[in-house]
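Asker: Chain by chain, the residues:
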Amino acid sequence: MATRVAMGNNKGGVGKTTVTVRVAEALAVLGKRVLVMDLDPQGNSSGRLGVVGDLGARTVSEAIKENRRGAVADSIWPCGWDAEYASRISVCPSTLDLEDRMSEAGVIGAYRRLAIALDGADDGYDFTLFDCPPSLFHLTQLALAAGPNAVAVTEPEYYSIEGALRFRAFVEAQGTNLSNPELHLIGVIVAGYDVRKPAHVGQLETLPETFGPLLWEPVIPVRTAIQDADESQLPLVAQKSEGGREARAWFGQLAERLIKATS
Amino acid sequence: MSGGGKSPRATRRRPTPQAPAPSRTQILVGDQIAAAASSAAALVPGARQAQVVDPAGVTGTPAEQLRFYEAAIDAAAENHRNSMAAAKARVTVEIGMALQEIRSRDLYKVTHATFESYVEQRFQLSRQRAYQILEAAPVMFALTKIFDTPLAESHGRILAPVMEQHGIEAAKAVVAKAQEAGKVTGASLRDARKAAGFAPEPSPRAASSNPRSSVFERLQLAQERLTRVSAAVTRTAVHDANAEHPAHARRLVLDLTDDLVSIANALGLTVSRNGSPLGDDPTLDA
Ligand SMILES: Nc1ncnc2c1ncn2[C@@H]1O[C@H](COP(=O)(O)OP(=O)(O)OP(=O)(O)O)[C@@H](O)[C@H]1O
Ligand SMILES: [Mg+2]
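Residue numbers (full-length UniProt numbering), protein chains in the order written: chain C, 1 to 263; chain B, 1 to 286.
Don't read these hints as lab results, they were simulated from the structure.
It cannot be assumed that every hint is accurate.
Just so you have them, the derived chain B footprint on chain C, three or more residues with Cβ under 8 Å [stated by the list, open to error]: (1) 72-85; (2) 163-173.
No farther apart than 27 Å at their CA atoms in a straight line, the calculated lysine-lysine pairs in the DSS-like style are these [as the list claims (entries may be wrong)]: (3) B:Lys88 - B:Lys145; (4) C:Lys65 - B:Lys183; (5) C:Lys65 - B:Lys194; (6) B:Lys194 - B:Lys177; (7) B:Lys145 - B:Lys183; (8) B:Lys88 - B:Lys177.
Even glycine gets a Cβ: it sits at the ideal position worked out from N, Cα and C.
Model the full structure from these sequences, guided by the hints.
Answerer: Shown next, in the form of structure tokens:
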């Protein structure tokens, strides 16, 4: 089984998907094989990894619905990027249909369905990264029940940090309820740092105190190259600007940090 | 474990986010969701589930204490509204889905000639009511799997043509849009339906049942006519009329026939002018 890591925050729009996708990219650059599980019905990580168009029944929603060991294997797509290392990235994509899985939250044992569907399906990978929706409910719980590691992603902004703290508290308290007593937070990644915003500068100062050794370096500042890569559904390697180069280096360091934290 | 303690530095104006107190984290996790769902299902409320405020916990000024108990009353009223809405929706879905099968498999024929007479006699449901339920139930049933809040039957009827013509995803989108606009009401659903470009085309059945739409009016009309008939048709009146004015007597018979046909129509029966029954009402079986 791959090393499974759920990326979360209770708050939306804080960079969860960007960090998941770029850390996956950086891990692949380092030679790791990565499976990205898109657990957000918005399907942002699927799109940004170039998995677009008609996905038919090959989505994470169908894999969960099947409730069968290893079902995820039938819903895995290759990353659509044109880059050498992209062959080491696979995606289990989502569409809006994933919302339908929410109604199963009331079924006994439903929170284990993704763990079951992944069983055996990610054996060929080094890492499985879960891009969680901005919520602590069923879809995020599916991810947290599937593996021992969680990483909070946050902007250096009040409500985002609050969301990260809520995610941490949840992860620390709920492992047993999710039949996953090993579950723990291994790190906090700070993204979307905007030096022009006094609020960001102020909150950034407080973060070491708030998260202590869980705080990972480096902080990812806002860069046009990152947003451009996201929007054009391209790899960072396609961003030839200085910002693109910087971003690749930062995410590379975060990928190494992740490898270290999980080895 | 609460990392963000009080800042030692007086100069920092910006607040540091605090870790949530564990007891305040009320998210249901894992099988707790299923447990809550099944107790919610069992909780079409009885006195047994009543939650009474512990007086020991109510302290403070009289105004504060009052607010506490008033909140309990508001919560009870809210619970009542929600439970009633859920129970009503459940009845519509359960009856409607069963009626649908009884009708589509012709099971009513075991005991009755027509579906309409079956529902009227077996369940005291007027045909109009039965068709309302049949119309609303499928979309309400389909949407129970998607939305937590039960859909009112009247909302189901607004969404029924959308689902019939464009599928469940379209109906779901209309509800989601109404939710975005705030509260889901008949008006907000109609607006959302219109905004989504789903014209409220009357379904063929709705069109054919429109002329019959006000059962109450039709019954009133029928009753008035029956009163008139029974007042007019005395043995002497018929005898006298026939003896003195044969043409008038024929006229009277024609008038009475008209009245009887109207009454029959009002009741949803079809009769021939010579009195022999024709059988089922073709407009409803179509
Ligand atoms: N470091 C950055 N520099 C520039 N843009 C960024 C950066 N990080 C994130 N963004 C942009 O911010 C937006 C929100 O980020 P992202 O989609 O990753 O957030 P999210 O937490 O996954 O949101 P959601 O809660 O909706 O899933 C995106 O448009 C993304 O491209
Ligand atoms: Mg996202």
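Asker: Mind listing which of the numbered hints don't hold for this structure, in increasing order?
Answerer: 1, 4, 5
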